[in-house]
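Protein sequences appear in the order of chains A and B. Our numbering puts the first residue of the first sequence at 1, with every later residue one more than the last. Our numbering puts the first residue of the second sequence at 1, with every later residue one more than the last.
Treat the hints with caution; some may be incorrect.
The list treats identical chains as one, so a pair stands whether inside a single copy or across any two.
To be verified - Distance condition first, Cα-Cα at most 27 Å in a straight line; then the derived DSS-like pairs of lysine-lysine:
1) K93 x K115
2) K298 x K138
3) K115 x K187
4) K138 x K15
5) K138 x K93
6) K187 x K93
7) K93 x K298
8) K115 x K138
9) K187 x K138
10) K15 x K187
11) K15 x K115
Just so you know, the hints here were simulated from the structure itself, not pulled from any lab data.
There are 2 protein chains.
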Amino acid sequence: MHTLIIGAAGMIGRKLTARLAADGAIGSRGITRLTLADVVETPTPANAGFAVDTVTGDLSSAGVAASLVSARPDVIFDLASIVSGDAEANMEKGYRINLDGFRLLIDSIRAEGTKTPYCPRLVFTSSIAVFGTPFPAKISDEFLLAPLTSYGTQKAICELLLADYSRRGLLDGIGIRLPTICIRPGKPNLAASGCFSNILREPLVGQEAVLPVADDVRHWFASPRAAVGFLTHAASIDSAAVGSRRNLNLPGISATIGEEIAALRRFAGERAVALIRREPNETVARIIAGWPQDFDAKRALALGFRADASFDDIVRAHIEDELGGRIGG
Amino acid sequence: MHTLIIGAAGMIGRKLTARLAADGAIGSRGITRLTLADVVETPTPANAGFAVDTVTGDLSSAGVAASLVSARPDVIFDLASIVSGDAEANMEKGYRINLDGFRLLIDSIRAEGTKTPYCPRLVFTSSIAVFGTPFPAKISDEFLLAPLTSYGTQKAICELLLADYSRRGLLDGIGIRLPTICIRPGKPNLAASGCFSNILREPLVGQEAVLPVADDVRHWFASPRAAVGFLTHAASIDSAAVGSRRNLNLPGISATIGEEIAALRRFAGERAVALIRREPNETVARIIAGWPQDFDAKRALALGFRADASFDDIVRAHIEDELGGRIGG
Numbered sequence: 001m002h003t004l005i006i007g008a009a010g011m012i013g014r015k016l017t018a019r020l021a022a023d024g025a026i027g028s029r030g031i032t033r034l035t036l037a038d039v040v041e042t043p044t045p046a047n048a049g050f051a052v053d054t055v056t057g058d059l060s061s062a063g064v065a066a067s068l069v070s071a072r073p074d075v076i077f078d079l080a081s082i083v084s085g086d087a088e089a090n091m092e093k094g095y096r097i098n099l100d101g102f103r104l105l106i107d108s109i110r111a112e113g114t115k116t117p118y119c120p121r122l123v124f125t126s127s128i129a130v131f132g133t134p135f136p137a138k139i140s141d142e143f144l145l146a147p148l149t150s151y152g153t154q155k156a157i158c159e160l161l162l163a164d165y166s167r168r169g170l171l172d173g174i175g176i177r178l179p180t181i182c183i184r185p186g187k188p189n190l191a192a193s194g195c196f197s198n199i200l201r202e203p204l205v206g207q208e209a210v211l212p213v214a215d216d217v218r219h220w221f222a223s224p225r226a227a228v229g230f231l232t233h234a235a236s237i238d239s240a241a242v243g244s245r246r247n248l249n250l251p252g253i254s255a256t257i258g259e260e261i262a263a264l265r266r267f268a269g270e271r272a273v274a275l276i277r278r279e280p281n282e283t284v285a286r287i288i289a290g291w292p293q294d295f296d297a298k299r300a301l302a303l304g305f306r307a308d309a310s311f312d313d314i315v316r317a318h319i320e321d322e323l324g325g326r327i328g329g
Numbered sequence: 001m002h003t004l005i006i007g008a009a010g011m012i013g014r015k016l017t018a019r020l021a022a023d024g025a026i027g028s029r030g031i032t033r034l035t036l037a038d039v040v041e042t043p044t045p046a047n048a049g050f051a052v053d054t055v056t057g058d059l060s061s062a063g064v065a066a067s068l069v070s071a072r073p074d075v076i077f078d079l080a081s082i083v084s085g086d087a088e089a090n091m092e093k094g095y096r097i098n099l100d101g102f103r104l105l106i107d108s109i110r111a112e113g114t115k116t117p118y119c120p121r122l123v124f125t126s127s128i129a130v131f132g133t134p135f136p137a138k139i140s141d142e143f144l145l146a147p148l149t150s151y152g153t154q155k156a157i158c159e160l161l162l163a164d165y166s167r168r169g170l171l172d173g174i175g176i177r178l179p180t181i182c183i184r185p186g187k188p189n190l191a192a193s194g195c196f197s198n199i200l201r202e203p204l205v206g207q208e209a210v211l212p213v214a215d216d217v218r219h220w221f222a223s224p225r226a227a228v229g230f231l232t233h234a235a236s237i238d239s240a241a242v243g244s245r246r247n248l249n250l251p252g253i254s255a256t257i258g259e260e261i262a263a264l265r266r267f268a269g270e271r272a273v274a275l276i277r278r279e280p281n282e283t284v285a286r287i288i289a290g291w292p293q294d295f296d297a298k299r300a301l302a303l304g305f306r307a308d309a310s311f312d313d314i315v316r317a318h319i320e321d322e323l324g325g326r327i328g329g
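Bound conformation, chain A alone (with noise of 0.2 Å):
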């Protein structure tokens, strides 16, 4: 089986492959050949046991897609987008590639099957920025798409089109929102989304930081573990399962920040804990409180989708995967 990540550079797309290097297969299908896509140069993996090539380019890009296609790859994970602070500063920049880039990937697809029949399963990434303020206690799998970013939008635009493309048999689409990514690795970053990783992972490693909102903010998280789960399982699927309704509302954990901090102590002491510090921003606190705090997501869940099972495996997964075990500065 041939397999395609577009994105592949990007944290989840290198984690990603680096599953499906080590797994060798997606569910019970072997990977002959992976493709990795990106705007940049893409590593690759060393030990895997398929061939692997790499493509740098652009998928707005007039002949990207089209080429990326025209192996016929089997399997696609769509991970490239630009985010959502950038969407939303830089607007054409963000139809163009969040939106435009799809729909050349999507076509693209569909011109392929004109040829002999061609009908990819197909990954998107989508977010839960595709819902918007106000908000039930939980979000369930019937809430309205009233996404607030243009981030939000192009995401909920995609995933309309996947589902038309999928019912008409052109492609055969799972849309998946992926709550917010936790801990995220790497540098601290400005995002207002950031802080929820930085006062974890800045203080497993004896580093400060700073933490702009209350403890009562509550959000909605996976680990990178978990989203690279979801990515391999939303391949696997039986789409038939799935039905019409192809974009999901993915499991998660819902938390406070209070709830994380108990989850730093339990693992690194109060030593750790004494290291994140408060320093209130208003701005911050006013974006993070137009977003989605809680999801019922049955759907996804009799479909098989898991969750990490608390906030300490959230915590536990990070110290495991980017740690190599140890907890301390």
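Mind docking chain B on chain A? Use the hints.
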């Protein structure tokens, strides 16, 4: 105030034009100029107390949208789209006209606003086709967008764009999800939705009509007169009261085929009802089974949108507006 109607030659466009000519105003604002645009030649009203000009052109062709917008109309009604059956049979045409045409329009408005500030009211006619089965007994204002046709997909995408461009202050959009128009004037047509009008319109003038579905089939209706009222209300409403969710389920009348026939009997007697010939058609029945039957249109009602008061009012509007008050054949 300069008003532009795109798709002015269609049934609703002509009725809206006649209403604007009769009123000379939308809400409290007088009309000084009316531009009527369509892909075909548009008739102009004889009795308008303001300048009327017509434009023949396809919104999805280069330059047409920019040219229409360059006159900086204060209110734009966008009624232009190809119908559901056409969009389903001709996928590329549907996406080109119903989606790309709309994007050209809103991007032209945005470009115009970069010269000097410009933020017109844009009234977009969406459809209950943005929803797909399974439905609750009454569809709420918070029900998910899950269209099961390309037409519904295109309308849902335009809604999302309308909301995002409005949020950014690039235009001042209101999207209205029109119920099925009944009684639709004109000839019987083969659209699945045609039967709801056919079984009234034809018997009211002594002609036979074919009924392909059962008496207990329920659907959601508004008269052409109510639809025109929705449009003018959407053009004059305070959008601050609408908030960020710019797309509205409109109020309507939920009625079964049996209730339609009972209304016909009250106006035109048993002789008219006898003109309905039952010819069950499973294909039509299956299509209609996928359509919404009832809504709880709280928000639109709170915002002052008013439906017909009863199904009898729908029949009465037709008799008054189309038949000069006379029933019979």
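*Within a copy, between copies, both or neither: where do K15 and K115 come within 27 Å Cα-Cα?*
neither (34 Å within a copy, 46 Å between copies)
*What label fits K187 with K138 when the C-alpha limit is 27 Å: within, between, both, or neither?*
neither (31 Å within a copy, 49 Å between copies)
*Tell me, please, which holds for K93 and K115 at an alpha-carbon limit of 27 Å: within, between, both or neither?*
between (32 Å within a copy, 20 Å between copies)
_At most 27 Å between CA atoms: does that hold for K138 and K93 within a copy, between copies, both, or neither?_
Neither way: K138 and K93 sit 33 Å apart in one copy and 40 Å across, limit 27 Å.
*Is it within, between, both or neither when you check K298 against K138 at 27 Å Cα-Cα?*
both (11 Å within a copy, 21 Å between copies)
_Alpha-carbon proximity context of K138 and K15, limit 27 Å_ = Result: close neither inside a copy nor across copies, 30 Å intra and 44 Å inter.
_As a check of your reading, is K115 near K187 (CA-CA no more than 27 Å) within one copy, between copies, both or neither?_
Result: close neither inside a copy nor across copies, 46 Å intra and 41 Å inter.
*Since the copies are identical, ignore which copy is meant and state whether K93 and K298 lie within 27 Å (CA to CA) inside a copy, between copies, both or neither.*
neither (35 Å within a copy, 37 Å between copies)
*Classify it for me, K115 with K138: is the Cα-Cα distance of at most 27 Å met within a copy, between copies, both or neither?*
Result: close neither inside a copy nor across copies, 46 Å intra and 44 Å inter.
*When no copy is specified for K15 and K187, does a C-alpha distance of 27 Å or less occur within a copy, between copies, both, or neither?*
Classified as within: same-chain Cα gap 17 Å, cross-chain 61 Å, threshold 27 Å.
*Can you give me the call for K187 and K93, within, between, both or neither, at a CA distance of at most 27 Å?*
within (25 Å within a copy, 47 Å between copies)
Of the numbered hints listed earlier, those contradicted by the structure are 3, 4, 5, 7, 8, 9, 11.
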